[in-house]
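Given these sequences and hints, build the entire structure.
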Amino acid sequence: MMRLLPWMYLAVAFVFIYLPVATLVLFSFQDGQLPVPPFNGPSLRWYGDVLGDSRLTAALINSVLVALGASLIAVTLGFLAAYGLARHVLPGSALIRALLIAPLTVSYLIVGLGLLIVLTQAGLGLSLVTAGIGHVVINLPLAFAIIFAAMGAQQQNAERAARDLGANEMQVILLVTVPMLAPAIGAAFFLSMTFSWDEFIISFLLTRFDVTLPVEIWSMLRSGLSPRLNAIGSLVFLVSIAVVLTLELFVFRKRRS
Amino acid sequence: MTTTGQRAQGWGFVAPALLWTFAFFIVPFIVMGAMSLATLDGRTLIWGLSFQNYAELAEKRFLWRAIVVSLEITLTVTVVSVVLAYPLAWIIAFNVPKRWQRLALLLAILPFWTSYVVRSYAWLLVLARDGVVNQTMLNLGLIAEPLTLANTRFATVTGFVHFFVMLLTLTIYANLVQLSPNYRRAAQDLGASAFQTFRHVILPLTLPGIVTGAFLTFVLCIGDYVTPQILGGNTELTVPQVIMVQLGRRADFPLAAALAIVLMGIVTVAYLAAARWLRLDRI
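Quick note, the sequences are listed as chains A and B, same order.
Be aware that the first sequence starts at 2, since it is given in the numbering used here, and climbs by one per residue.
Be aware that the second sequence starts at 6, since it is given in the numbering used here, and climbs by one per residue.
Treat the hints as calculated values from the structure; they're not laboratory data.
These numbers were taken from a predicted model, which means no experiment stands behind them.
Built from N, CA and C at the ideal position, the CB exists for glycine as well.
A hint or two may mislead.
Below, a sample of chain B positions facing chain A; criterion: calculated Cβ distance under 8 angstroms [claimed, not checked]:
| no. | residue |
| --- | --- |
| 1 | 16 |
| 2 | 34 |
| 3 | 40 |
| 4 | 93 |
| 5 | 100 |
| 6 | 102 |
| 7 | 110 |
| 8 | 111 |
| 9 | 127 |
| 10 | 140 |
| 11 | 142 |
| 12 | 224 |
| 13 | 228 |
Right, dumping it as C-alpha cells:
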C-alpha cells in the first residue's frame, strides 16, 4: 500500500492536470450544440466551421504576424545587448542588466496599462503594431537573459581567432558568435513566439479593429459555451504544443549533447 | 585593454535594447505614476499632485474589498499550489526511474503552454452546471442536484492552482534533483527517520526553490485578470478586474493607475518578505 501511494498520487495529479485539456479537445468533436456530456460524435463540423470563419482566420494571421515580428525584434535587441555587455566593459553594467530584466517583475496588465495611458495621452491610435511593441517589452528581458547566460569564454576565443584572421566586427558576429549561440538564440526565439502567441491582456488593451486570436476568442466567450470555442481552443493549444515540442526536441536536446 | 573606441562600440550594442525598455516601459511607468496623482473632472483630465485616488481606495468599500479579495485568493492559491506540487515534484525526482523523468516532467507541465484564455475556458467547461464534474458525480450518485461550481471563488482558485502546480512542479523538481543524495544518506546513517530527514535536511535545503516558486506564483496570480473574470464571474471582483472596469465604463485612468500602483506596492512587500530566500537568478 505504501509503495503504491506515490503512483496513486501521480495518477491523480495527471488526471487533474489533463482534465480541462482532455475535455476541451474531446468536445471539440461534439456533434451537437453544447460542449457538455453526453458526447455525440466524433464530428469535424466545428473545425470546418472555425476554419471557414473569416474573422477567426484573420485573427489567426494577425497573431502569427505579431508573434513573428515581436519575437524577431526582441531576440535581435536581446542578442545585441547581451553581446555588448558580455564583450565590452561598460560602467554600470549591473544597473543596465537590472533595467533590461525589470519588465519581468511587473504584471502584463500593468505593462499594458502604462502603454495604453501613454498612447492615448499622445493621441496615437491603437493597432497590431502597438500590441507588438508591448510584446517586445515583455519578451526582451527573457531573450536577453537566455542569450546572456549562454555567452561564455569558448565563443570569445573563437571570436578573437576570427579577428586575428582579419574578420571585421560584423563578420565576427554573423559568422562566429551567432552560429555558436544558435541553440540559445533558438530557445529565446521560440519562447518569445509562444508567449506572444498566447498573450491576451496586452493585445486586448492595445489593439482596436484588427485583433489577435486570443482577443477574438475572448469576444466569442461572451456568448457562452460552444463547441466552436472548443475547436479553436484545441487548435491554439496544438500550435503552442508544437512549438514547445520543437524547442524540446531540436534546441534543448542539441544543447545537452 | 578597453579603449574609448571599444567602450563606445559596447554602448552601440546595448543602446537599442535600453532605448526600447526606456521608451516603452520606464516612460509609461512614470506617466502611470503621474496619472495616479491626476484627477478627473467629468471627462476632463486634470494633472496635479492630488492623492484623491488613493484616498478613494480607503473610503470606497468596493475598492477596499477588491484588495482583500485579491489577497485572499492569491494567498490561498500560493499555499495550495505549493502543497500539491511538492509531492508531485518529489515523486518525479525520486520514484520515477531516471530515464523516464524527463518525459514525466514534460508531460506534467505540457498544458502549462495553453493560452490562459483557453485554459480558463476549458475549466469553465469542466465545472459548468451540466459539465463533466457534475455529470460524473450525478451518475455515481454522489450528489442529487448539480453543484454550482462555475462563477465562484472555488472555480477561480481551481483554475489558478492548475496553472501554478505545473509551474511549481518544474521549479521544485529542478531544486530536488540538484540535491546530492549524500545528504539523505548521511542523515539516515545518523539515525534520522524518513520524516526527520525530510523535515530537518531536505526541506531547509529546498526552501529557496520553494520560496522563489511561491513568489512567482504570488506575482503572476495577483496581477491576472483573465482567470477571475472567466471563472469567478462577477460575484466578487479582484483588483485587476476593478482596474478593467475603470478603463471600460468611465475611462477613469487616474483611478486605474492608482490601483495598478497599489498592486505593485503589494508585490514589493511580498518581495521584501521573501527576499531572504529568493534566488531569482536561478529561475
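Kindly indicate which numbered hints from before are broken by the structure, ordering the numbers from low to high.
6, 7, 11
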